[in-house]
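**Student:** Here's the letter readout for the chains.
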Amino acid sequence: MEQQEIIPHLFRTEYSKIVSVLGRLVGFEHIEIAEDIASDTFLLATETWGIKGLPENPAAWLYTVAKNKARDHLKRNNIFSEKVKPGIQRSNTGSHEIEIDLSNKNIADSQLQMMFAICHPSIPAEAQIGLSLRILCGFGIEEIAGAFLSNKETINKRLFRAKEKLRKEKVRIEFPRVSEIDARLETVLTTLYLLFNEGYYSSSQNTTLRKDLCLEAMRLNYLLVDDPHTNKPPVNALLSLMCFHASRFDARLNQNGEIILYDDQDTTLWDKNLIIQGEFYLNKAATGDKISKYHLEAAIAYWHTKKDDTTEKWESILQLYNTLLPIEYSPIAALNRTFALAKARNKQTAIIEAEKLKLTSNHLYYSLLGHLYTDIDKQQALIHLKTALKLAKSKADKETIRKSITKIVETK
Amino acid sequence: MKDFLFLFRRASTAMPTGSPEEMQSMTQQWMDWIGSIAAQNKLVDRGNRLGEEGKVLRPNNVVTDGPYTEIKESLGGYTLVKANSMDEAVELAKGCPIFAVGGSVEVRPIDQM
Numbered sequence: 001m002e003q004q005e006i007i008p009h010l011f012r013t014e015y016s017k018i019v020s021v022l023g024r025l026v027g028f029e030h031i032e033i034a035e036d037i038a039s040d041t042f043l044l045a046t047e048t049w050g051i052k053g054l055p056e057n058p059a060a061w062l063y064t065v066a067k068n069k070a071r072d073h074l075k076r077n078n079i080f081s082e083k084v085k086p087g088i089q090r091s092n093t094g095s096h097e098i099e100i101d102l103s104n105k106n107i108a109d110s111q112l113q114m115m116f117a118i119c120h121p122s123i124p125a126e127a128q129i130g131l132s133l134r135i136l137c138g139f140g141i142e143e144i145a146g147a148f149l150s151n152k153e154t155i156n157k158r159l160f161r162a163k164e165k166l167r168k169e170k171v172r173i174e175f176p177r178v179s180e181i182d183a184r185l186e187t188v189l190t191t192l193y194l195l196f197n198e199g200y201y202s203s204s205q206n207t208t209l210r211k212d213l214c215l216e217a218m219r220l221n222y223l224l225v226d227d228p229h230t231n232k233p234p235v236n237a238l239l240s241l242m243c244f245h246a247s248r249f250d251a252r253l254n255q256n257g258e259i260i261l262y263d264d265q266d267t268t269l270w271d272k273n274l275i276i277q278g279e280f281y282l283n284k285a286a287t288g289d290k291i292s293k294y295h296l297e298a299a300i301a302y303w304h305t306k307k308d309d310t311t312e313k314w315e316s317i318l319q320l321y322n323t324l325l326p327i328e329y330s331p332i333a334a335l336n337r338t339f340a341l342a343k344a345r346n347k348q349t350a351i352i353e354a355e356k357l358k359l360t361s362n363h364l365y366y367s368l369l370g371h372l373y374t375d376i377d378k379q380q381a382l383i384h385l386k387t388a389l390k391l392a393k394s395k396a397d398k399e400t401i402r403k404s405i406t407k408i409v410e411t412k
Numbered sequence: 001m002k003d004f005l006f007l008f009r010r011a012s013t014a015m016p017t018g019s020p021e022e023m024q025s026m027t028q029q030w031m032d033w034i035g036s037i038a039a040q041n042k043l044v045d046r047g048n049r050l051g052e053e054g055k056v057l058r059p060n061n062v063v064t065d066g067p068y069t070e071i072k073e074s075l076g077g078y079t080l081v082k083a084n085s086m087d088e089a090v091e092l093a094k095g096c097p098i099f100a101v102g103g104s105v106e107v108r109p110i111d112q113m
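Residue numbers (my numbering), protein chains in the order written: chain A, 1 to 412; chain B, 1 to 113.
Worth double-checking, as some hints may not be accurate.
As a list, the in silico DSBU-like pairs of lysine-lysine whose alpha-carbon atoms are at most 30 Å apart [what the hints assert, rightly or not]:
(1) A/Lys211 with A/Lys170
(2) A/Lys313 with B/Lys94
(3) B/Lys82 with A/Lys290
(4) A/Lys152 with A/Lys105
(5) A/Lys393 with A/Lys347
(6) A/Lys390 with B/Lys55
(7) A/Lys358 with B/Lys42
(8) B/Lys82 with A/Lys347
(9) A/Lys356 with B/Lys82
(10) A/Lys386 with B/Lys42
(11) A/Lys393 with B/Lys42
(12) A/Lys395 with A/Lys378
(13) A/Lys358 with B/Lys55
(14) A/Lys343 with B/Lys55
(15) A/Lys307 with A/Lys378
(16) A/Lys356 with B/Lys94
(17) A/Lys306 with A/Lys407
Hints in this document: simulated from the structure, not taken from any laboratory.
Generate the whole structure from the sequences, applying the supplied hints.
**Tutor:** Okay, here's the thing in structure tokens:
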């Protein structure tokens with residue numbers, strides 16, 4: 001990797017590790033100190049490495065600098081004696097020096113605990129995702145603003161308010177009690193799911209950023225799978241879902257960041273390794289007696305890794321949607337169920353069901369109707385697609401609909 | 001939106017006796033019907049089936065076996081939906097696979113206490 005690339009890359013991966021370890025030491029009361037120390041460390045790295053070249057082990061270099069900076073800062077400001085030392089004495093290590101443990105084990109533990117603290121039910125999902133991106137994934141404010149299609153001030157305010165709230169609620173950076181783990185894990189999984197979707201379905205044209213969001217969600221999910229406390233069936237199911245979706249990453253977007261529809265995707269671009277991993281985690285998820293929405297969505301995604309249109313495939317997908325919708329309704333799931341119905345049965349049946357959905361402000365609803373009426377009633381198909389075109393907002397969506405219209409007009 | 005309770009009744013003699021394929025197809029029809037209501041975001045609770053056995057208690061500690069000794073149709077299950085009107089609720093009930101085996105659906109609005 002070139003130096004221009006290695007620094008942002010290291011920043012992402014190491015920033016979150018340093019902030020998590022230091023953050024756990026000082027708590028949310030002083031989380032800004034942890035963030036400042038990490039940022040200062042990278043600033044110094046950029047300057048020093050620019051002159052002297054990369055050190056042999058850049059991560060170790062960063063840890064040493066971060067440790068020293070943290071020690072100085074904590075001592076100078078009496079934070080150590082007031083806040084950290086009592087904690088250390090409680091844990092009875094007997095040490096009076098500031099121990100900053102940047103071992104792999106402690107980093108992983110700190111990140112997990114930070115994940116639980118950030119994904120706290122007391123702050124809104126949007127704020128949880130924002131804080132996760134900043135603290136757990138090391139994203140810059142500008143990048144977060146880009147991902148949310150928002151601006152820096154809004155994001156800064158949102159993160160500030162979220163941190164205030166966590167302080168007020170006295171949320172501690174620690175593992176939840178065993179009896180609470182399942183309930184707290186649910187919020188964590190929702191955040192990871194939304195984080196992944198933010199990348200996968202975002203209307204941002206920045207494909208690199210979008211892919212990074214997905215990869216970060218997966219990295220955090222791997223952390224959960226790697227720890228015996230959190231290695232639970234829904235965690236594996238969500239990871240499986242992410243693997244299946246991510247396997248199509250390179251096939252589903254063209255160079256301009258526009259969506260390539262499933263039917264038109266080049267299957268040679270599907271990532272076979274990720275599909276195998278998805279199957280592995282789906283098998284691991286198949287224990288216990290509870291079926292989560294992640295299980296169902298992962299199973300649906302599994303069937304989508306098989307390109308051939310078999311009755312078995314579409315009947316399975318239909319029944320999975322029939323089971324998913326009563327657990328959790330979403331317009332997208334309702335539309336996808338109707339699409340599966342057309343494939344498993346026939347378009348006439350699906351049209352009757354589609355017209356009951358009445359999702360009249362959703363362009364995808366009209367796109368689906370347009371698709372179902374193609375080959376049955378061209379006029380109706382065109383009317384629906386034109387309505388879809390009016391409702392669609394993103395350039396990519398409009399382009400996709402225009403292509404469908406042209407296709408119908410040309411087959412006249 | 002108001003909640004409506006669907007009560008499924010069918011002749012107690014009309015218990016499924018079909019082949020595994022027929023049973024499978026029956027399950028599929030129920031799944032499709034529930035899925036269709038859920039896809040319209042009008043399912044509140046898919047409900048449950050009721051076991052065949054039952055007791056009825058009457059005044060003076062009179063307990064009788066089975067709720068269906070004198071009625072031909074027995075209550076087989078329930079589902080909770082939401083709809084804007086009784087007409088709409090009835091419309092939702094129309095696709096229920098129970099009609100294929102001669103059963104009925106009773107639609108009752110739920111008045112919140």
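**Student:** It remains to establish, for every hint, whether it holds in the given structure.
**Tutor:** We went through each hint and held it up to the structure:
1. A/Lys211 with A/Lys170: Not satisfied, since the Cα-Cα distance of roughly 34 Å exceeds 30 Å.
2. A/Lys313 with B/Lys94: Within the cut-off at roughly 28 Å; holds.
3. B/Lys82 with A/Lys290: holds (26 Å)
4. A/Lys152 with A/Lys105: violated (34 Å)
5. A/Lys393 with A/Lys347: holds (27 Å)
6. A/Lys390 with B/Lys55: Given that 30 Å is the threshold and the Cα spacing comes to 60 Å, the pair is violated.
7. A/Lys358 with B/Lys42: holds (12 Å)
8. B/Lys82 with A/Lys347: Distance of about 27 Å is within 30 Å: holds.
9. A/Lys356 with B/Lys82: holds (14 Å)
10. A/Lys386 with B/Lys42: The hint holds at about 28 Å.
11. A/Lys393 with B/Lys42: holds (28 Å)
12. A/Lys395 with A/Lys378: holds (25 Å)
13. A/Lys358 with B/Lys55: With a Cα-Cα distance of about 44 Å, the restraint between A/Lys358 and B/Lys55 is violated, given a limit of 30 Å.
14. A/Lys343 with B/Lys55: violated (46 Å)
15. A/Lys307 with A/Lys378: holds (27 Å)
16. A/Lys356 with B/Lys94: This hinted pair holds, its Cα atoms lying about 13 Å apart.
17. A/Lys306 with A/Lys407: holds (26 Å)
Of the numbered hints listed earlier, those contradicted by the structure are 1, 4, 6, 13 and 14.
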